[in-house]
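Novice: Protein chains in written order, with the numbering used here: chain A, 810 to 948; chain B, 558 to 659; chain C, 20 to 348.
Keep in mind that the hints were calculated from the coordinates and are not lab data. Treat each hint with caution, since some may be false.
Unchecked claim - If we take Cβ atoms under 8 angstroms as the criterion, some of the chain C residues that face chain A in the derived model are: (1) Thr92; (2) Leu98; (3) Val99; (4) Ser103; (5) Asp104; (6) Ala138; (7) Phe143; (8) Ala146; (9) Tyr150; (10) Val152; (11) Val156; (12) Met157; (13) Leu175; (14) Leu178; (15) Trp327.
To be verified - Label pairs and their in silico Cβ distance ranges: (16) B:Ile623 x C:Met194: 14 to 24 angstroms; (17) B:Gly637 x A:Thr898: 23 to 33 angstroms; (18) A:Asp888 x C:Leu346: 33 to 43 angstroms; (19) A:Thr903 x C:Arg95: 48 to 58 angstroms; (20) C:Arg316 x A:Asp888: 27 to 37 angstroms; (21) A:Thr898 x C:Arg105: 17 to 27 angstroms; (22) B:Thr559 x A:Thr898: 34 to 44 angstroms; (23) C:Gly244 x B:Gly637: 29 to 39 angstroms; (24) C:Pro315 x B:Met619: 38 to 48 angstroms; (25) C:Gly244 x B:Leu610: 51 to 61 angstroms; (26) B:Gly637 x C:Pro315: 29 to 39 angstroms; (27) B:Ala654 x A:Thr903: 15 to 25 angstroms.
All values derive from a computational prediction rather than experimental measurement. Positions of the beta carbon are idealized from the N, C-alpha and C atoms, including for glycine.
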Amino acid sequence: MTGQLIAVAFFGLAAIGFGAGVFLTRSMVRSALALLAAMAALGGLFLALEAEFLGVLQLMMMGTEMTLMAIFMVMFMMDPGGLGQMEMTHQKRTARAAGRSGAWPRPGWRSGPGGGGGPALHQRPSCRIAPWGWRSWSA
Amino acid sequence: MTPLLAALLVGAALFGIGLYGALSQTNLVMIMMGVELMLGGAMVNLVAFWRHLHPEVYAGQMFVLIVMTVMALEAAVGFGVAIARFRAKGSVEMEEAAELRG
Amino acid sequence: MRSSASPRSTSRRGSSTDERNARHGRSRGADAVDGLWLALALLAGVYLVAVIEEWSATGRVRPAVPLLAGLATLGRESLVPRRSDRILFEAAAPLLLGAALLAAAVLPLAPGLIVADLATGALFINAALVYVVVALVMAGWGPDAAYAMVGGWRFLGQLVAYGMLIVMPLTAVAMRAASLSTTAIVASQAALPNALAQPLGFVLFWLAALAVCFLPPFDLPTAPGELAGGVFGEYTGARLATMRLARLALILTLAAAIAVFYLGGWLGPVLPPWAWTAAKTLAVAAALLGLGRFVPRLRGEQLLAWGWQFGIPLALVNIFWVGVTLLLV
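With the hints as constraints, model all of the structure from the sequences given.
Specialist: Encoded structure:
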């Protein structure tokens, strides 16, 4: 169990790191290949979770798909090499808040001995969710 | 921390990163990359729940196969839209794609 | 990764007989002697492929040339181009080598003599070969050079042409063996090798293998005489040596894959199993390197048109044919 946890944590952290790298780099080929690396790390994560077929299939499909994405990035971006320092983002605050609401575990949320308190989640007052989900706790 | 919880945290983080990217990027292809990351996060959850709740039911793996197919289709359709848009307008910047705004 | 002690994993392989479990147990606990033999076989194979490549180019067998040429390349200065994308430039050659070696890891040399006898071996080799393309795209984009980039993107187009022709013939092979494990695939060819049972798939996989290791007539990314070196053009010294070594390992891997999937692997009379695999692999490597030189190079759009208009329908016919023969015989 511990070995599996270490493997899951390793591949998971790699996937998160490369996934963040997708939107942090300015070079489009690096961006697409970072996405590829994140997806390959997910393949490793599947292998760590003992889904052998899915892991190998993920490695195979995403390798092709993300490399093809690289050439489309170079074709369609105005600044594929990232040397022109172009601004490529908009609505940053909304996006950041929405992303955080998707990613962050809510305060007071922890896994019980039964493997996570799913039903109890709705009853906790601290977890009442605003329409966009982030207003109550992102401050 | 159990492997299930670790995998779910990874899925949530990837979903969040993908959502941020899909909302913040102006280019269609970058938006598609954000969507791919979100689908990847969903796949992690599916595999983790299959593994730790019902490892004997292979329908869980079928779900993941369907999500993978959706990812491939999303890429194909997205590239098709991108090529059509680029031929018609000369760019795939989504800030300029406001013709349908009422 | 998958612990065999887990109670859940025992019921996961549908057709696992005692014999297969025993083999899995032996291959997982592969001792150091087996590992040493496999490493030696790999090194010897790569060297012999280098000798064969020299023979196919010059027509002379000179066993010392690869060693001397490798030492000479290692001794030269290894330049880094200006304004290169350093990460991609440096990572390309190790990634190409790693992809070739990972693909070789699931190919058996003899019964039990295999690095990793995965239950998904035939799929894993596809997954590993995809990263050849990734490595070449990185090598094309990394050095910030026009010819290299043209070569890298050309190979991506080549992937679109040959990608399905790697997967679909292997589907038919796995259908006959009723397994994705490479050892089970070899065992399924005891009566008749796949090259005779499904000749269409054999030809298609052969052509796709030529395209994977970008040998003529599918050598679009390097394109001698046209692209000034192509993807390898900006690599010098030790980096070029790594690149060439990876390319040789790739050719060896594809030759071994053809031998295992279509020519019956270790099966054969009189000689020991490893000798049969080695002989078949080297013969296939010589044919891969030698025959293509008599065919003119295909252009990218010709390759795509042939791959999609003829290759994929023929691969579907092959799957259909194998399915019918499996039902009738």
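Novice: It remains to establish, for every hint, whether it holds in the given structure.
Specialist: Evaluation of the provided hints:
no.	hint	verdict
1	Thr92	violated, 27 angstroms
2	Leu98	violated, 21 angstroms
3	Val99	violated, 17 angstroms
4	Ser103	violated, 11 angstroms
5	Asp104	holds, 6 angstroms
6	Ala138	holds, 6 angstroms
7	Phe143	holds, 5 angstroms
8	Ala146	holds, 4 angstroms
9	Tyr150	holds, 6 angstroms
10	Val152	holds, 6 angstroms
11	Val156	holds, 6 angstroms
12	Met157	holds, 7 angstroms
13	Leu175	holds, 6 angstroms
14	Leu178	holds, 7 angstroms
15	Trp327	violated, 15 angstroms
16	B:Ile623 x C:Met194: 14 to 24 angstroms	holds, 23 angstroms
17	B:Gly637 x A:Thr898: 23 to 33 angstroms	holds, 25 angstroms
18	A:Asp888 x C:Leu346: 33 to 43 angstroms	violated, 56 angstroms
19	A:Thr903 x C:Arg95: 48 to 58 angstroms	holds, 54 angstroms
20	C:Arg316 x A:Asp888: 27 to 37 angstroms	holds, 34 angstroms
21	A:Thr898 x C:Arg105: 17 to 27 angstroms	holds, 25 angstroms
22	B:Thr559 x A:Thr898: 34 to 44 angstroms	holds, 36 angstroms
23	C:Gly244 x B:Gly637: 29 to 39 angstroms	holds, 37 angstroms
24	C:Pro315 x B:Met619: 38 to 48 angstroms	holds, 46 angstroms
25	C:Gly244 x B:Leu610: 51 to 61 angstroms	holds, 60 angstroms
26	B:Gly637 x C:Pro315: 29 to 39 angstroms	holds, 34 angstroms
27	B:Ala654 x A:Thr903: 15 to 25 angstroms	holds, 18 angstroms
Consistency with the previously given hints fails for numbers 1, 2, 3, 4, 15, 18, ordered from lowest to highest.
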